[in-house]
Amino acid sequence: MKIIVCIKQVPDTTEVRIDPVKGTLIRDGVPSIMNPDDKAGLEAALRLKDEIGAHVSVISMGPRQADAVLREALAMGANAAYLLSDSAFSGADTWATSSTLAAAIEKLEYDLIITGRQAIDGDTAQVGPEIAEHLGIPHISYCEDLRIEGDEVIVKRQFEDRYQILSARLPVLITALGELNEPRYMTPGGIFDAYRESEVIVWTRDDLTVNTANIGLKGSPTRVAKTEAKSVKQPGTKIETGVDESVQYVIDKLKEKYLL
Amino acid sequence: MEFNLSKEHLMAKQLFHDFAVKEVEPWAEETDEFHRFPWEVVHKMQDVGLLGIPFPKELGGQGCDTLAYILAVEEISKVCGTSGVILSAHTSLAADAIFLHGNDEQKEKFLRPLIDGRKLGSFALTEAEAGTDAAGQQTKAVRDGDEWLINGSKIFITNAQVADTYIVFAMTDKAAGTRGISAFIIENGTPGFTFGPPEKKMGIRGSSTCELIFENCRIPIGNLLGREGKGFGIAMSTLDGGRIGIAAQALGIAEGALEKTVQYVKERKQFNSPIAKFQNTQFVLAHMKTEIEAARWLVYNAAILKDSRKPFATEAAMAKLKASQMAVAVTNECVQLHGGYGYIQSFHVERMMRDAKITEIYEGTSEVMKMVISASLLR
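Residue numbers (our numbering), protein chains in the order written: chain A, 33 to 292; chain B, 95 to 473.
Hints in this document: simulated from the structure, not taken from any laboratory.
Heads up, a few of these hints could be off.
Per label pair, the in silico range of CB-to-CB distance [as the list claims (entries may be wrong)]:
1. 467(B) / 140(A): 50 to 60 angstroms
2. 283(A) / 353(B): 48 to 58 angstroms
3. 267(A) / 368(B): 17 to 27 angstroms
4. 467(B) / 122(A): 23 to 33 angstroms
Values in this document were obtained by computation on a predicted structure and should not be read as measured data.
Just so you know, even glycine gets a beta-carbon here, dropped at the ideal spot from N, CA and C.
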């Protein structure tokens with residue numbers, strides 16, 4: 033079985049601040065990590081590798097520094113890694129990104145493609161389904177559980193208030209939720225091998241068969257008019273005492289704020 | 095020489111950091127308070143391959159190097175000194191002794207399960223009457239047919255009772271002095287091998303420290319590690335490596351205390367100002383950071399020398415001497431900067447101060463380090 037997992041290097045948004053004037057992310061000095069949903073997707077692929085045997089390739093589009101997340105994937109147990117890196121790819125929106133990734137995936141063999149649901153720096157949730165459309169294969173999004181039976185994948189698809197159990201004949205693309213699993217740690221030996229024994233294959237514009245009108249900034253129909261920061265709600269307080277004490281607590285708090 | 099970590103070392107450091115914060119730190123306070131061995135941490139370390147970092151893959155290890163292992167001890171000790179010494183004693187005393195001095199059969203039988211994450215190791219040299227004077231061993235081993243008969247006891251043994259495999263030193267020829275000491279591999283559960291009650295310690299309280307008692311304990315002749323009469327050399331060369339581990343533990347404890355202190359001084363207000371605004375605070379922080387960095391390079395340098403197969407005993411002694419004294423001084427200053435809160439358990443630095451002290455004592459006291467260093471000058 034051949035599995036391709038798409039991963040993205042993102043700023044760790046738990047440590048990121050928003051520029052109050054421009055409304056954009058301040059990325060300086062913020063550590064880069066593997067996007068959490070993508071990491072769950074990779075873990076799902078690695079579990080299939082452990083359970084039924086699979087060849088897992090990881091692929092990322094990004095600057096040369098994105099090499100680090102691909103090495104991390106190799107250190108977790110992926111078999112091969114591809115980095116799509118070229119100035120012609122930069123400034124891409126979801127359409128151009130999915131066109132580029134799909135063009136690279138066409139060069140590889142696959143039975144199953146896994147992407148994260150969405151990236152924590154953009155939150156669009158569009159790239160995965162778009163890749164499936166470019167490739168002309170079915171996709172199932174919001175996967176919180178999956179298994180392989182014969183030539184089918186059985187997926188538990190999450191909604192806010194319910195879930196669906198869907199099956200689809202391979203090849204298929206699924207988008208993974210972070211809740212899918214608890215990703216494994218890299219191993220120290222895996223890290224050393226990822227740098228000393230493995231290779232991250234870099235593909236540029238010339239390596240892909242894709243229309244220039246569909247890649248990079250020029251191939252991106254999306255125009256961002258304005259972004260602004262939303263004020264963050266304070267986390268709530270959970271009271272775990274008896275009913276009477278809890279009610280009294282709430283009354284006291286409301287009085288404190290002159291609401292009663 | 096370039097003083098930069100390679101990309102693989104940096105990524106390994108990140109792994110150890112994440113592991114320490116997620117898997118080790120949540121247990122640290124309880125481990126200390128209840129003198130409780132942190133099995134949860136040890137099992138996780140076994141799962142992730144942290145108990146075999148510097149050993150070859152062919153033997154079941156991770157195929158990394160001493161420097162990577164040192165980074166693991168450092169990162170884990172930042173949050174829990176107890177977990178740091180469990181890792182250090184297992185790796186650089188027990189496993190490394192077999193790796194350096196064992197034959198192929200012993201490596202397969204005893205080393206592989208230690209470094210592939212199935213078993214835990216321990217190293218027993220110290221006796222009631224043989225501390226710094228390690229040559230004064232009283233434990234005896236007598237050859238009896240196809241077996242060795244061991245009698246005697248060892249004290250203050252790290253990972254005692256919890257470990258599966260023990261490197262034990264005993265006299266095979268009392269008249270020959272240090273040339274009469276031999277090393278043995280003894281497994282937990284061997285009849286005649288029992289443990290005294292756990293010691294109650296000032297620091298590293300979750301680490302299991304007990305007496306090992308041997309009463310007519312019989313082990314196969316194949317459990318002799320290295321040649322008969324070569325035990326003293328095996329002990330000393332193994333301890334040379336162990337000292338880099340303890341130096342890394344000291345470094346980590348100091349860094350952990352400084353991290354907590356930097357956070358505290360920014361929040362703590364006196365005279366309507368965070369105490370970080372006061373020059374005394376700033377100067378003490380600056381001094382601590384400089385001392386930590388000075389120690390760091392001694393520690394990394396000793397590890398790099400060991401990895402390069404160059405002599406490193408003097409450098410390991412200097413690293414341990416400096417890092418342990420630095421850790422005691424730095425943790426003391428961190429408690430002082432915390433004021434009254436520093437004396438309170440939930441602020442953690444008092445634990446770190448208690449944990450730091452042992453690094454000046456075990457695996458060779460600071461005085462022994464000075465003997466080793468000056469001997470290299472006066473040769």
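Status of each hint after checking the structure:
Distance hint check for residue 467(B) and residue 140(A): the Cβ-Cβ separation is about 58 angstroms, which falls inside the suggested range of 50 to 60 angstroms. The supplied range of 48 to 58 angstroms is broken by residue 283(A) and residue 353(B), whose beta-carbon atoms lie about 41 angstroms from each other. Taking 17 to 27 angstroms as the suggested C-beta distance range, the pair residue 267(A) and residue 368(B) conforms, at roughly 24 angstroms. The supplied range of 23 to 33 angstroms is broken by residue 467(B) and residue 122(A), whose beta-carbon atoms lie about 55 angstroms from each other.
Comparing the model with each numbered hint stated earlier shows that hints 2 and 4 do not hold.
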